[in-house]
Amino acid sequence: MTPEIVPCTTAQLRRRLELLTDHRMAFLGRDTRTDPVAMIEDWFRYVRARLFTAGDGLFGVVPNELNPHQAEIDIAVPGASAAEYTALLGAAIRLCRTHLDLHSVVRIEPNRDGRAAHLEPAGLRPIGVLHGCRFQDGDYHDQRLWWGQTA
Amino acid sequence: MPELRGYRTRDAGLLATAWQGPLLMATGGAGPFAPPPPEPDGHWCRVLVVPDAGVAVLDRIDHVHRTARLSVATLDAPVVDLLAAALVVAGERLRLRQVIGVLPTGDEQQTAAAALGFVAEVTIPEHVWRDGNAVPATIWRAGLDDT
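As they're listed, the protein sequences go chains Y and H.
The numbering of the first sequence is this note's numbering, which starts it at 1 and goes up by one.
The numbering of the second sequence is this note's numbering, which starts it at 1 and goes up by one.
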């Protein structure tokens, strides 16, 4: 069954951000462990993020101001298996093509966790790192980037 | 070195005229299809100006990771001078650890960026829409503080 990727209501967003916090999952540049929900919502407004439910988690799209056919994306689904991630991310990227006219997407790693393993099976390829750009666990870490076409 | 100061409402015309989008260096003024200028209010963004010359925008500021995206635009003043001044503000006044900025890959300004300490980090395919095509762009990073 094709997983549904549908726009998130405000209530859904808050519940899912709380779930991400419980699972220590950062999302779309924000650290749910330290950023209050109001601050995260303000950030989403600032970057004009489109937010969708993806399974029990979230899928987000931030438009690229320099190219309307590209966007930054992120996905966080607490407890999802590799197969579930592949299915959800595949559906989300297809949505980017069919409904948002995006030709390519970029994923910038918010915090290091196991989600990186699910990106290449979904068609994203690593393209490099931003050195020392992320403070996590008491030190500065490199931030990895992935890129992929939507079709 | 030009002296930057914080944005005031009387700088709205300069911002709208100079801004060409979030590019590390841009000069010549906004064309008719330039993206809207950044919102100067709020804690995610600082707009700095040299009156009648140009603007430096630090946005997506994150004081935990001590990073920001830097974009500098001038009308016809030397943009590299404004970029140098913006780096001083970013490091010494805002205590950022590094800034990043975007240039189309192969842009003529990249030599000047490298001379100011920027390092090419990642090239993103199709990152900039230019003259009807999606062209690659490189994210450049300048370290300001090793602590």
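Be aware that one or more of the hints could be misleading.
[Said to hold, decoys possible] Chain Y stretches covered by chain H per the calculated footprint, using a threshold of three residues with CB under 8 Å from any CB of chain H: (1) 3-13; (2) 80-93.
[What the hints assert, rightly or not] One-sided and incomplete, this derived list gives chain H residues near chain Y with beta-carbon spacing under 7 Å: (3) W44; (4) H63; (5) T67; (6) L87.
What the hints contain is simulated information worked out from the structure, not anything from laboratory work.
In this text, all values refer to a predicted model and were calculated from it rather than measured experimentally.
The beta-carbon is built from N, C-alpha and C at its ideal position, and this holds for glycine as well.
**Request:** List in ascending order the numbers of the hints, as given earlier, that are violated by the structure.
**Result:** 1, 2, 4, 6
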